[in-house]
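Model the placement of chain B on the given structure of chain A, informed by the hints.
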Amino acid sequence: MIGTFKEIIEAAEKKGTRKRVVVPWASRENMRILGKASELNFTVPLLIGKGREVEMLVKSTPLASLDHEIIDEKDSGRALFKAIQMIRENQADILMQGDMDHQMFIDSVLDGEKGLLSAKLASFVSVFQLFKRDKLILITDTYLNNYPSLVEKQLILENALKLARILGISSPKVASLAAIEQVNPAIPSTLDAAVLAKMAERRQFGDVTIEGPLDIDCAVSEKAAARKGVSSIVTGNVDIYLTPDIETGYSLAQLLVFIGKMQMAGILLGTSKPVILDLPFVSNENKLAEIALAALI
Amino acid sequence: MIRTLDDITRLAKEKGPKKLAVLAPEDGEFMEAVKKSQQMGYIEPVLIGNQEMMQRVADEVEFDISNVEKIFEADRQAIANLGTAMLFAGDVDMSSKGQIPTSFIYRSIIKEESKAGTGRTISVITLWEIPELDHFMAFTDTGANIYPDYKAKVAVLKNAIFLFHVLGYASPRISVLSGQREIGGTLASYEDGRSLQKAAASGELGECEIIEATSFFEFFVGKGRQLADYEEIDIKKLPEILLVPSLDTGNILCKLDFFLNVKRRSLVMTSKGPVLIPSRADFCDSIMGEIAMGVVVADRIKGVV
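If you read the sequences in order, they're chains A and B. Just so we're aligned, residue 1 is where the first sequence starts under our numbering, counting upward by one. Just so we're aligned, residue 1 is where the second sequence starts under our numbering, counting upward by one.
Okay, chain A solo, but in the shape it has when bound (with noise of 0.2 Å):
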């Protein structure tokens, strides 16, 4: 089980297949991320955008002395389109956001026809470092989807859980949060959670515990559970945790990061091929983590 940062990074390195990123309109900060990556040999940069400039930058970072591709293109939203392009024809494995449009990016991203959409949704995953033991975390969605159905959670919790797996993480335990622990028909969060709970209990998660509605301190408070009555493997052991909206997920997330210190990293999932994005609260040296831990995928 891959239980750091430094594990996630350790382990696409022992893979020892350089993976292709292609990256449109990369910045001078993409490049040098990707010159560690390169460094440590788990990656292989394409640059697409505007030759001259890209060889200009490539040029102060320490990419020049490393293998990359540079590829012409005058137009970012060409730029895009062609990373796209490469990764459906399999050549490249790896597409990381570029100093580009968010929203733009994520719509040719997911574009039902031209896009690289494989599963029913895409959902975004935070992966947490915690402090007092070797463990990972993983906390969804935290960016991408807004107010998920019913529907849509279970299928933000699927792509969750195949990243579990690939993290080693066996048996995984999630942790459906909402505002209370107890079933409330008027907080429809705590509904979608009893209902997950049930269908994990009904095994159709594969070997997955849920407990939910789950508030916060019974998930990461075992002696608080106790107190609440609730008696759960998965109290105080979360490994997944489920957020009921993108109010929630999104300020969960940067409050881990801001306050509590925490290292985070994401990834979008549910794509044919790992997507990197270009989040503004994901440090540089965690942005590493993140290429290794799409080369893992």
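Keep in mind that the hints were calculated from the coordinates and are not lab data. Treat the hints with care, as some may be off.
Said to hold, decoys possible - Here are the simulated lysine-lysine pairs, DSBU-like style, with alpha carbons at most 35 Å apart:
no.	chain 1	residue 1	chain 2	residue 2
1	B	K223	A	K261
2	B	K263	A	K261
3	B	K237	A	K135
4	A	K132	B	K263
5	A	K223	B	K19
6	B	K115	B	K158
7	B	K198	A	K261
8	B	K223	A	K50
9	A	K228	B	K263
10	A	K261	B	K158
11	A	K132	B	K236
12	B	K223	A	K120
13	B	K223	A	K132
14	A	K228	B	K19
15	A	K135	B	K223
16	B	K263	B	K151
17	A	K223	B	K36
18	A	K228	B	K15
19	A	K261	B	K237
20	B	K13	A	K228
21	B	K19	B	K111
22	B	K70	A	K223
23	A	K82	B	K223
24	A	K162	B	K223
25	B	K13	A	K223
26	B	K151	A	K228
27	B	K158	A	K228
28	B	K236	A	K223
29	A	K273	B	K223
30	B	K223	A	K6
31	A	K228	B	K36
32	B	K237	A	K223
33	B	K237	A	K6
34	B	K263	A	K135
Frame of chain A; chain B shown alone:
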């Protein structure tokens, strides 16, 4: 201005004892907190609840309640009504939830506020003490409104602003928290935030400032920028009040004290004084801290209303 829980503890000792109506103290951790708070000189408790159960729990934690004022009542709603009526009549300075559903207490408060004609909405304010931050940060509403609409948000904010004024913050800075980001269209929580900002600027909410930022990322880094390194995070940039879009968000964020190095204190501000609503999972120390907070708020509220 009261900035830390140490300030609160010191002031609670100084300004106590305050009269606290304790609604159904029928759990060990909770009764222990009442006992210790009395010993510390914070409170003079009035225990309201089932005679047998209160006595049993008191014996459990070796709390001699023979000289403590007691009102015997078994019906849960009647307990809530009694304690809340005492608060509004000025017979006690504050009240606290014991082993009783929160909704029962809300119902009593709504009834009393309506009788008093204050027009106040119930909301829960959860304060965090964060190391290295030189002021409290609060989440609200973390307990009452499931999906507050604009009107409810105005009322929720007014309660929180009132609390911060009571704590000595002349013009608290507020952020209307939202999942609004680079993608996903415009969220209702964001639109409400813009409207609230206008309302605050026009003075409708009292002395306060609603800032532009609607996310932690925007507090610390700012739109259009990129977090390079965790070293650049300056915790002092946190505002005083975070208005959350829903009960789910509020409750999930505010109880992260079980996970992070922060301390949490929650209370409901009524027009007549604080009502403490400890979480059922809270332990003695946390409940005691909440009682101390209540004492200080109850003391200072007298000078404001």
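Each hint, compared with the structure:
Taking the CA atoms of B:K223 and A:K261, the gap is about 20 Å. The hint holds against a cut of 35 Å. About 16 Å separates the Cα atoms of B:K263 and A:K261, which keeps this hinted pair within 35 Å; it holds. Among the hinted pairs, B:K237 with A:K135 is consistent with the structure: their alpha-carbon atoms are about 30 Å apart, no more than 35 Å. A hinted pair counts as satisfied when its Cα atoms are at most 35 Å apart, and A:K132 with B:K263 qualifies at roughly 18 Å.
Only pairs whose Cα atoms come within 35 Å are accepted, and A:K223 paired with B:K19 is accepted, the gap being roughly 31 Å. A threshold of 35 Å between alpha carbons decides the hint, and for B:K115 with B:K158 the separation of about 20 Å falls inside it, so the pair holds. Distance hint between B:K198 and A:K261 is fulfilled; the C-alpha atoms sit about 33 Å from each other, no more than 35 Å. Our distance criterion of 35 Å between C-alpha atoms is met by B:K223 and A:K50, whose separation comes to about 26 Å.
Taking the CA atoms of A:K228 and B:K263, the gap is about 20 Å. The hint holds against a cut of 35 Å. A C-alpha spacing of about 31 Å is found between A:K261 and B:K158, which places the hinted pair at or below 35 Å, so the restraint holds. Restraint check for A:K132 and B:K236: the C-alpha separation of about 25 Å stays at or below 35 Å, so the hint holds. Taking the CA atoms of B:K223 and A:K120, the gap is near 32 Å; set against the 35 Å cutoff, the hint holds.
Restraint check: the Cα-Cα separation between B:K223 and A:K132 comes to about 32 Å, which is no more than 35 Å; the hinted pair holds. For the proposed pair A:K228 and B:K19, the alpha carbon gap of about 28 Å is at most 35 Å, so the pair holds. A threshold of 35 Å between alpha carbons decides the hint, and for A:K135 with B:K223 the separation of about 31 Å falls inside it, so the pair holds. The hinted pair formed by B:K263 and B:K151 meets the criterion: a straight-line CA distance of about 30 Å does not exceed 35 Å.
Proposed proximity of A:K223 and B:K36 is supported: the alpha carbons are some 22 Å apart, at most 35 Å. With a C-alpha separation of about 33 Å, the suggested pair A:K228 and B:K15 falls inside the 35 Å cut-off, and the hint holds. The suggested pairing of A:K261 with B:K237 holds, with an alpha-carbon distance near 15 Å, which does not exceed 35 Å. A threshold of 35 Å between alpha carbons decides the hint, and for B:K13 with A:K228 the separation of about 31 Å falls inside it, so the pair holds.
Distance hint between B:K19 and B:K111 is fulfilled; the C-alpha atoms sit about 22 Å from each other, no more than 35 Å. Taken as a hint, the B:K70 and A:K223 pair is honoured in the structure, with Cα atoms around 31 Å apart against an allowance of 35 Å. Proposed proximity of A:K82 and B:K223 is supported: the alpha carbons are some 28 Å apart, at most 35 Å. Between the alpha carbons of A:K162 and B:K223 the distance comes to roughly 32 Å, so the proposed pair stays at or under 35 Å and holds.
The straight-line distance between the Cα atoms of B:K13 and A:K223 is roughly 30 Å, inside the 35 Å bound, and the hint therefore holds. Between B:K151 and A:K228, the direct Cα distance comes to roughly 33 Å. Compliance with the 35 Å bound is thereby established for this hinted pair. Only pairs whose Cα atoms come within 35 Å are accepted, and B:K158 paired with A:K228 is accepted, the gap being roughly 32 Å. A hinted pair counts as satisfied when its Cα atoms are at most 35 Å apart, and B:K236 with A:K223 qualifies at roughly 32 Å.
Among the hinted pairs, A:K273 with B:K223 is consistent with the structure: their alpha-carbon atoms are about 29 Å apart, no more than 35 Å. Our distance criterion of 35 Å between C-alpha atoms is met by B:K223 and A:K6, whose separation comes to about 29 Å. At roughly 23 Å between alpha-carbon atoms, A:K228 and B:K36 fall within 35 Å of each other, so this suggested pair holds. Pair hint B:K237 plus A:K223 holds up; C-alpha atoms about 33 Å apart against a cutoff of 35 Å.
Under the criterion of a C-alpha separation no larger than 35 Å, the hint pairing B:K237 with A:K6 is consistent with the structure, at around 30 Å. Proposed proximity of B:K263 and A:K135 is supported: the alpha carbons are some 24 Å apart, at most 35 Å.
Going down the numbered hints, you'll see the structure goes against none, and every one checks out.
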